[in-house]
Amino acid sequence: MARVLLFGALADVAGWREREVEATAISSLRARLAADDATLGQALQRPGVQVALDKALTRGDAPLGPTTEVAFLPPMSGG
Amino acid sequence: MARVLLFGALADVAGWREREVEATAISSLRARLAADDATLGQALQRPGVQVALDKALTRGDAPLGPTTEVAFLPPMSGG
Amino acid sequence: MSVHLETAPLRPGEMLDRFTAGRSETGAIVSFTGLMRAEHGAADTLYLDAYPGFTEAEIARTEAEAQARFALQDSLIVHRHGAIAPGEPIVFVATAAAHRRAAFEAADHLMDYLKSRAPFWKRSSGPAGASWIEPTAQDLDDAARWDVVPWDVAPAAEDAG
Amino acid sequence: MSVHLETAPLRPGEMLDRFTAGRSETGAIVSFTGLMRAEHGAADTLYLDAYPGFTEAEIARTEAEAQARFALQDSLIVHRHGAIAPGEPIVFVATAAAHRRAAFEAADHLMDYLKSRAPFWKRSSGPAGASWIEPTAQDLDDAARWDVVPWDVAPAAEDAG
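The listed protein sequences derive, respectively, from chains R, Y, U and S. Counting from 1, one number per residue, gives the positions in the first sequence under my numbering. Counting from 1001, one number per residue, gives the positions in the second sequence under my numbering. Counting from 2001, one number per residue, gives the positions in the third sequence under my numbering. Counting from 3001, one number per residue, gives the positions in the fourth sequence under my numbering.
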């Protein structure tokens, strides 16, 4: 059960900001989110969307532990 | 009777900051101040010392009215 | 040095006084307060999304770089998130240094970073609707001004304040 | 726009809050607070001589030039005179503009003028005695930075804050 967080426009696209999702890797998490919501699945693939695991930016695939926090971050706009 | 004001190091040299002096022009005022205090007379001639009449900078000689305020300003140091 | 996120309205005067108190070797304190503009009625709410924990940590890295680069004595960054109304402060930055050039440049640099690269997502709402905002070309240019200077430049010697 | 001389201690936070209040089209407020440094015990009093009436009027001319040059919405300059103790504010400058670059540059410019050319005469006292201080070469260089730019340069367009 990863804890998934969406920010900015991604949360608007999905209609939620935070959700528990069963997944053991970022790749399988992406597949599950896309299966539930194809529009969100596409939005997560857009260039500039970054992924943070437990508040540290990561690239590519990575395994998820049972309590990992996975955040999908659209391009940062500044404050 | 001009009202004479001294600022900064000039007031230290003279030992006073403000005094009424009988004079009808800047030139005669300078002569009278130098006659009373030769060190002050010299200090007032130093390059960079400016003169303001009624709070407006002036150059060269100028007549003084009975209530003119004459200020001798050493080089400005900023705050 | 510290970075804070707040959802309640910011109080710049109180923050400036607290930041200024008890400094005997500081000659210069610069503060920047960024306010939400009403855009003459075109904007009525700015919503700033942040990722608490991540956002402060990312900002703190840039703050630490700025402290070293400009020989700052201290700095404070307080950023609002959530819904913000016109006229309200969005961000407060303060920098303290022995001399004014360093304090000005550090505050300027921190603001360029905060406005263009910091981990926030912002949505502006008004009578014409709501939209998510990307940094402007000017914001990116402003931030890039600092990239061309070597990081180990020494601050220029200078008089008090 | 206003210029004030004060003999009582300055209150930067209060001045910043009053300057900031009620602005719906201001995106950026920069403040500068110049403090007297103790110089690790080498300085115990700064005495600033001013010529009330003349000093404010001269500063106001530069303030008006800065307002036009940087398209400022507002500015405030409050300068202490008389005897000042270490840690106390000497000067407070605030600038308000739609965008941050103008507010930063105007405050920076005003401070360069105030530190090098404004009509004050300053004497620093410490254990080693008292002496009248002239502007440093760095102060004059800082002030001269602004002389090479044409006065009618338009401020660059830029995002909020």
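Keep in mind that a hint or two might mislead.
Far from chain U, by Cβ distances over 12 Å, these chain S residues were calculated [to be verified]:
1) R3018
2) T3062
3) F3092
Sample of chain U residues facing chain R (criterion: CB under 10 Å; computed from the structure) [said to hold, decoys possible]:
4) M2001
5) G2034
6) L2048
7) A2057
8) L2076
9) R2080
10) A2083
11) E2088
12) L2114
13) K2115
14) W2132
15) W2146
Calculated directly from the structure, the hints in this document are not laboratory data. Each residue gets a CB set at the ideal place from its N, CA and C atoms; glycine is no exception.
Evaluated hints:
At the 12 Å boundary, the C-beta of R3018(S) falls inside the reach of chain U, the nearest C-beta of that chain being 8 Å off. Here T3062(S) stays apart from chain U, with its beta-carbon at least about 16 Å from theirs, past the 12 Å limit. At roughly 10 Å, the least C-beta separation between F3092(S) and chain U is not larger than 12 Å, which violates its mark as non-interface. Because the closest C-beta pair between M2001(U) and chain R is about 18 Å apart, greater than 10 Å, the hint is violated.
A hinted interface residue such as G2034(U) counts as satisfied when its beta carbon comes closer than 10 Å to some beta carbon of chain R; here the least separation is about 8 Å, so the hint holds. Interface restraint check for L2048(U): the shortest CB-CB distance to chain R comes to about 6 Å, inside 10 Å, so the restraint holds. At its closest, the beta carbon of A2057(U) sits 7 Å from a beta carbon of chain R; the interface hint therefore holds under the 10 Å criterion. At a threshold of 10 Å, the smallest CB-CB gap from L2076(U) to chain R is about 15 Å, leaving the interface hint violated.
At its closest, the beta carbon of R2080(U) sits 8 Å from a beta carbon of chain R; the interface hint therefore holds under the 10 Å criterion. With a cut of 10 Å, the hint placing A2083(U) at the interface with chain R is violated, because the nearest CB-to-CB distance is about 14 Å. For E2088(U), the shortest C-beta to C-beta distance to chain R is roughly 13 Å, which exceeds 10 Å, and the interface hint is violated. Proximity of L2114(U) to chain R holds as hinted, the smallest CB-CB distance being about 5 Å (cut-off 10 Å).
About 4 Å separates the beta-carbon of K2115(U) from the nearest beta-carbon of chain R, less than 10 Å, and the hint is met. Here the hint on W2132(U) is kept, as its CB sits about 5 Å from the closest CB of chain R, short of 10 Å. With a cut of 10 Å, the hint placing W2146(U) at the interface with chain R is violated, because the nearest CB-to-CB distance is about 14 Å.
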